[in-house]
Amino acid sequence: MAGDTVAAWSPALALVPAGVAAALIRLSSRAPALRETWSLLASGLQAAVVLSMIPGAAAGVVLETILVELAPGVPLVLRADALGCVFAALSSGLWVLTTVYSIGYVRGLHEHAQTRYFFCFALSLFAAVGVAFAGNLLTFFLFYEILTVSTYPLVIHKETPAAVQAGRMYLAYTLTAGVALLGAVAWTQALAGTVEFRPGGILGPLPSGTLWPLLGLLVLGVGVKAALMPLHSWLPVAMIAPTPVSALLHAVAVVKAGVFGVVRIVGYVVGPDLLASAGAWSAVAWLAAGTILAGSLLALAQDNLKRLLAFSTVSQLSYVVLGVALGTPSGAVGGIQHIVNHGVMKITLFFCAGAIYVATGKERVSQLAGIGRRMPVTMGAFAVAALGLAGVPPAAGFLSKWYLIRGALEGGQWPFVLVLLASALLNLAYFVPIIVSAFFRPPDEAGEGIAEAPATLVVPLALTAAASVLLGVAPDLPVAFFSLASRAAGEILGGVVR
Amino acid sequence: MIQEHDSVIVRTVVRALVPFIQLFALYVVFHGHYSPGGGFQGGVILAATYILIALALGRAELDRRVREGVVLLLSAVGVLIFTLAGVLGPLRGAALLDYAVLPVPGVAGPPVRGLGILVIEIGVAFGVAGALTVIFCRLAKAGEGEEEDSA
Amino acid sequence: MLSDHLPPFLAVVPLLGALLAPLLGAVRPRLVHPLAVAAGAATAGLSLLALREVLARGVIRYHLGGWAPPWGIELVLDPLSAFTAVAVSGVGALALLYAGPAAAGREGREAPFFGLALLLLAGLMGMIVAGDLFNLFVFLEVASIAGYALVATGGGRALVAAFRYLILGTVGASLYLLGVGHLYLMTGSLNMADLAQRVPELASPRVLAVAVGFVVIGLGIKMGLFPLHGWLPDAYTHAPPAVAALIAPITTKAAAYALARILFSVLGGAEGLGRAPLLTVLAWAGGVAIVAGGVMAIRQTDLRRLLAYSSVSQMGYIALGIGLANPAALAGAFLHILNHAMMKGCLFFAAGAAAARLGGPALTDLRGMHRRMPWTTACVVVAALSMIGVPPAGGFFSKWYLLVGAVQGGQPVLAGVILAGGLLAVVYMFRVLEHACLVPRDEDEHAGSDPALERREAPPGMLVPLLALGVGILAVGIWNAPIVSGVLGFTAR
Amino acid sequence: MTEILAYAGARYNYWVYIALMLVGFYTMIAHRNLLKKVIGMNVFQTAIILFFLSTSAKLGGTLPIVPSQVTKDGVAAAGLMNPLPHALMLTAIVVMVATLGVALALLVRIFRRYRTFDEDVILDRL
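Protein chains in written order, with the numbering used here: chain A, 1 to 498; chain B, 499 to 649; chain C, 650 to 1142; chain D, 1143 to 1268.
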């Protein structure tokens, strides 16, 4: 069960590199090389600090830093437990690659306002790790809002009217959600007398009529970032941001903060017992199942590659929610695993989309005919990640789906098995045509002279593609994600899963 | 500019009355600490005489008798007298505005407070008389100013 | 010696400065601004000292002239008044510093301007330390009269705005005085501590209700509480930048403090007012103010007017916290006095600087601001986030306490209003931010992304107070817990 | 009925101040002329001052000035008027005068700029 809690500085230390880097980047606005160095250094340091905590977390040792008091009785506490480490390791590990990729991308496209770009990027990662390690709801909310605000300039990066419009929509959705979450936090404080995350939840038996409104506020609060239907509309629109932003933030950091929030709230605030007693499990699960199917169906209809990926994200995120909402140990393991697996595979796909855009300027699925011959590495990685996402072994997607299906069967909830299988088929239905046309259709004439994108773009995407296979074959290598996931699932549901 | 009043009666009566009114004003000021009256009332009466002069004998006559700048300075001095008398308390180890500790040779006990109040009243009288006179002067002059640039 | 006389000196120091300003102005006009800054800084320093003393020694009661209350005039410093004094004098001192460059180019006007500004500060500090209701009135009017005159220095439309402010403000003060008169008739006392003992023994709650009603309406006008805010938007919009930066953050706060002081220290808060629904009405009025002010702010195209209506909205938060009258909500209300003073100060400072450098106060004039005035823009962003309630800016935490207070007080609708107010702030503040940070100026369209674009950052005299407030907003946010539990005496259950 | 009348009549000072206050208030609201608004404001303030002063009055009361000799036997307070409202109102009058001064100064400048005191005309020109 929940391991020993040890006071240590490491969780706070994990926040330092990104925070300091943000300041340094802002100050070295006139030196691009310096700026990028800070980013790289910070991402490397952050990853190192987070990784150093993982063996302990996997063994059940929870490191905890209590900083200032946010409010009397509510400290700013950072706690590196198993669940937090999953998200933190994912975000910071992928940040390293994304930084390399970003450098190639912004240079390749001569983007403007690069200082702001790297500044906000560092700030977002600062907030993402803060969200991961937040030890109570108020701390969580604090970093959650910083994440919202710091990603806004990235969404509107292009500063075109469409981008500004997208930014407004993004803010409208996420800040409304923030307000709902804040209300829920205050309500929780009033009901439970604390807002601390505790395995098994902090809300005792509630007065009648409060559970559903409170749950509604909480789900609304985190559901927007988790892109639960019908709160998902901002995500495809936000794809107007530069591709590395879409890749890391809108495939990993931001949306995963949302599903991570769902897991946190289900497991550590509301608690499985309360949910089970009210029959709320199945409500959340059906919401997730609906999102899975609808997201996949909508993805089928997209021509813009990034929008397609966005709808695929909408669909895949709900796997995580579904996994936790199944209420069975295997389901929870699968769901938490899928946070990582989907992150790695989706970022690969976004990297590919960005590499194609940098190399060819193409953004549409219909323009990709024959491109696989010109950019074999990119499209190869794309194929691996796409098939993995659909659940084809040996890539990682298979593993998490396997656990999800097992979890559904354990709970005797066979309709969800059908949903998962149907979604896998839909995944194939929208990914396979892309791969087939990229490799086996002749290129159009205008495609002459197209070559592989620069190495700074190709190397990260090849690495993530490799990682997605590795995670499927050996889920505890190189990072003990599987152990972390099963420990977290055990904490939530009160049982150890093997 | 306010002109001299047409009626010779008004002018003469005002000329004759002003010194008496001013004397009365001083009487009101100096009785303030133990009977009805005081600095404000006395100061207002004093200011009234100057306004009377301006209205009956014309603004030029007022300017001949007192300069506006000097009046303004006197009113500031009045406030300073008040402040200094007040701050003497803390300087001598008592509360602000505590006149019991004022250094008055030959007087002790409650009468010192009375004298302290008198000092204050004198300050107030200077301040009020000066300020009211200046307010009148400025307002009277203001109506004749050139039109403000309308932006 | 100094620490024994802190309560009167808080008001006397700026008052002395106000008297010396015209004298110095006659001799050395250039030294008037340094004098004003010194007086303001001294007041702020004394306030901090007072806060420390109060926290260390407990309540300081000072009897003017050595006359004991209830006959003599009493000045009181307790943690709440010392806290408000720090907030008001701190922001006031920064506004005085800011006013130097902002008032530049008005040669010969320094002495009256800074004299009035210090008089305003003296009045506000007097209101805060006053221990009886009548002196509160006098200081309220000292501050208000200085305020009318200051607004009028804008000339033109500011004259009409100042006139309306004067008429409404005088009505407010008169109503307050009338209420105080009734209280005096019933109890025979004006001293707050004395009244607090006598009010519960009163036989006629109806007369008490009338008296309190007059007091609340009077102070409501002074604090710009919707729907009594009629004077506020015009006064803030048309006042010169230096004046708006001084008046907008602090005058309404002192009135709000006075309201809270009377309702809780004199009338005994929720228990003392008993069945009278006064506090509930106040809370709901605050809620209406939050929404109405926010909605009106959204419609504005002039930055200063937008900020003025946002003040109406933010004052609603304070009224709401006072009306909810539980410890968490009161902590939120008082913290919001500090926070709103800082963020509104910051935004008005920035508005003035932007008007001076970019040509006007309209939202469209702000375009391209982030390139020309990066530091100012950064401060605007911080203040805007605080206004919206994004942690870790200070504004979030006052709203958090208010929210907890509303939930604890069993007022889910008001809790919803607090949250909705944040969303309204999102809309109006992001309109500002979009213009300042996103939309390029017309001339920039041709210049492209030329890095040689002229930097026109505000002069140091303006930038320093701006940055001080920007940092202060974040610092108050991060260290709000010691303030709330240590100074405001709020502790979690 | 007669009791009510007697009750109301005995407090005629209230009626006077209420009437004056309303006159002042009406003038402030109804008149377009800014100068008349100021006059209304003054009436309004004066009403409150009268109210305060009336509360201190006593039939047959005299000035509350106590010769220093009469301290042993105490003073017959019933025969003296309450001095405190007078002191307060003296201060209130000062405040009123100051407000009036500022108001008049404002009016002078408004007139110089707009050449009228008519609020509607001024609002039109804004």
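If you're looking for bench data, these hints aren't it; they were derived computationally from the structure.
Predicted model only: the values in this text are computed from it and were never measured.
For glycine and all other residues, C-beta sits at the position ideal for the given N, C-alpha and C.
Treat the hints with care, since some could be wrong.
To be verified - Partial list, computed: chain C residues near chain B (C-beta under 7 Å):
(1) His654
(2) Pro657
(3) Leu704
(4) Val708
(5) Gly714
(6) Gly715
(7) Thr929
(8) Val930
Unchecked claim - With beta-carbon atoms standing in for the labels, derived distance ranges:
(9) Leu637(B) <-> Ala23(A): 35 to 43 Å
(10) Gly1059(C) <-> Ala474(A): 50 to 58 Å
(11) Ser652(C) <-> Ala172(A): 30 to 38 Å
(12) Leu1192(D) <-> Asp561(B): 36 to 44 Å
(13) Val1120(C) <-> Asn304(A): 58 to 66 Å
(14) Glu111(A) <-> Val1120(C): 24 to 32 Å
(15) Leu1192(D) <-> Val605(B): 35 to 43 Å
(16) Leu1232(D) <-> Ile947(C): 26 to 34 Å
(17) Gly209(A) <-> Arg710(C): 21 to 29 Å
(18) Ala23(A) <-> Gly1059(C): 49 to 57 Å
(19) Val6(A) <-> Glu920(C): 57 to 65 Å
(20) Gly694(C) <-> Ala172(A): 31 to 39 Å
(21) Leu613(B) <-> Gly917(C): 36 to 44 Å
(22) Pro32(A) <-> Pro1061(C): 48 to 56 Å
Hints and how they fare:
no.	hint	result
1	His654	5 Å, holds
2	Pro657	4 Å, holds
3	Leu704	23 Å, violated
4	Val708	16 Å, violated
5	Gly714	4 Å, holds
6	Gly715	4 Å, holds
7	Thr929	41 Å, violated
8	Val930	39 Å, violated
9	Leu637(B) <-> Ala23(A): 35 to 43 Å	57 Å, violated
10	Gly1059(C) <-> Ala474(A): 50 to 58 Å	55 Å, holds
11	Ser652(C) <-> Ala172(A): 30 to 38 Å	53 Å, violated
12	Leu1192(D) <-> Asp561(B): 36 to 44 Å	38 Å, holds
13	Val1120(C) <-> Asn304(A): 58 to 66 Å	43 Å, violated
14	Glu111(A) <-> Val1120(C): 24 to 32 Å	31 Å, holds
15	Leu1192(D) <-> Val605(B): 35 to 43 Å	39 Å, holds
16	Leu1232(D) <-> Ile947(C): 26 to 34 Å	48 Å, violated
17	Gly209(A) <-> Arg710(C): 21 to 29 Å	50 Å, violated
18	Ala23(A) <-> Gly1059(C): 49 to 57 Å	44 Å, violated
19	Val6(A) <-> Glu920(C): 57 to 65 Å	47 Å, violated
20	Gly694(C) <-> Ala172(A): 31 to 39 Å	45 Å, violated
21	Leu613(B) <-> Gly917(C): 36 to 44 Å	42 Å, holds
22	Pro32(A) <-> Pro1061(C): 48 to 56 Å	52 Å, holds
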